[in-house]
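With chain A fixed as given, assemble chain B onto it according to the hints.
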Amino acid sequence: KAGVTQTPRYLIKTRGQQVTLSCSPISGHRSVSWYQQTPGQGLQFLFEYFSETQRNKGNFPGRFSGRQFSNSRSEMNVSTLELGDSALYLCASSPGGTSGTSTDTQYFGPGTRLTVL
Amino acid sequence: AQSVTQPDIHITVSEGASLELRCNYSYGATPYLFWYVQSPGQGLQLLLKYFSGDTLVQGIKGFEAEFKRSQSSFNLRKPSVHWSDAAEYFCAVGPSNAGGTSYGKLTFGQGTILTVHP
Chain A
42 KAGVTQTPRY LIKTRGQQVT LSCSPISGHR SVSWYQQTPG QGLQFLFEYF SETQRNKGNF
102 PGRFSGRQFS NSRSEMNVST LELGDSALYL CASSPGGTSG TSTDTQYFGP GTRLTVL
Chain B
48 AQSVTQPDIH ITVSEGASLE LRCNYSYGAT PYLFWYVQSP GQGLQLLLKY FSGDTLVQGI
108 KGFEAEFKRS QSSFNLRKPS VHWSDAAEYF CAVGPSNAGG TSYGKLTFGQ GTILTVHP
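Just so you know, the sequences run in chain order A and B.
Going letter by letter, the first sequence gives residues 42 to 158 in the numbering used here.
Going letter by letter, the second sequence gives residues 48 to 165 in the numbering used here.
Chain A on its own, in the form it takes in the complex (with noise of 0.2 angstroms):
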């Protein structure tokens, strides 16, 4: 099976410009999350999705937003870029099965690195 991929690998991007990045799950994977890492705050859950839904959102402002598409492949975007923006972006799908359980494996996509100037 091929893995999750994330496109674009990079990008670089100014400051107040929005930006879109897309994930596509392991095949047949229905729940995508997002993780935000930094040097500094490390790896941050930002939301998590599955069939389309949003079941869970952490704790990021309202400028960074997502969706899923009946195909399983999610898009997050960040409108209005600070600074502060500039880091590796990972998305991860899992089978999203019954909680608690192997179905709740996270595999991770090689991430895109986004530059705020």
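Derived from the structure by calculation, the hints contain no laboratory data.
Hints may contain errors.
[To be verified] Cβ pair distances, simulated, as ranges:
1. A:R108 with B:Q49: 22 to 32 angstroms
2. A:G81 with B:S73: 18 to 28 angstroms
3. B:L103 with A:S120: 44 to 54 angstroms
4. A:E123 with B:G88: 16 to 26 angstroms
5. A:G83 with B:K115: 43 to 53 angstroms
6. B:H57 with A:G69: 19 to 29 angstroms
7. A:T156 with B:T102: 38 to 48 angstroms
[Stated by the list, open to error] Computed list of lysine-lysine pairs in DSS-like fashion (alpha-carbon distance at most 25 angstroms, straight line):
8. B:K96 with A:K42
9. A:K98 with B:K96
10. B:K108 with A:K42
C-beta atoms are modelled at their ideal positions from N, C-alpha and C, and glycine is treated no differently.
Only chain B this time, still in chain A's reference frame:
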């Protein structure tokens, strides 16, 4: 709230030496636990996971980890380190009874950078 602590920010070992990376978690119920490895500029690769049952779990690349409930620990071990093991290692905890605000959320430690000397 759940949390994960990796006490060692940076560990250096010689190739062929044994390795133990520490991980302590805080969680009200039995968690499920993971170790991931990240090479520079890459995503996270799953090394192993613990959900229930045998407290000693085997993973890929010769790694193993032991869940100790009494110590709230899930330490990662490898008997003989290879130069290719140099990377950053993350311990993560997920809720065993997800729902509401717990879906799809892993809480990560700050990571341990492993350097391997030849």
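Hint-by-hint comparison with the structure:
A beta carbon spacing of about 27 angstroms between R108 (chain A) and Q49 (chain B) agrees with the range 22 to 32 angstroms that was offered as a hint. Checked against the hint of 18 to 28 angstroms, the pair G81 (chain A) and S73 (chain B) passes, with Cβ atoms roughly 22 angstroms apart. Between L103 (chain B) and S120 (chain A) the beta carbons are some 47 angstroms apart, a value that agrees with the proposed interval 44 to 54 angstroms. Checked against the hint of 16 to 26 angstroms, the C-beta distance between E123 (chain A) and G88 (chain B) comes to roughly 23 angstroms, which is consistent with it.
In this structure the supplied range 43 to 53 angstroms is violated for G83 (chain A) paired with K115 (chain B), their Cβ-Cβ distance being about 24 angstroms. For H57 (chain B) and G69 (chain A), the Cβ-Cβ distance of about 38 angstroms falls outside the hinted range of 19 to 29 angstroms, so the restraint is violated. A hinted range of 38 to 48 angstroms holds for the C-beta pair T156 (chain A) and T102 (chain B), which are about 43 angstroms apart. With a CA separation close to 20 angstroms, the supplied pair K96 (chain B) and K42 (chain A) stays within the 25 angstroms bound.
Of the pairs offered as hints, the one joining K98 (chain A) and K96 (chain B) holds, with about 24 angstroms between alpha carbons and a cut-off of 25 angstroms not exceeded. Distance check on the hinted pair: K108 (chain B) and K42 (chain A) sit about 20 angstroms apart at the alpha-carbon level, within 25 angstroms; holds.
In the structure shown, a violation is registered for the earlier hints numbered 5, 6, in ascending order.
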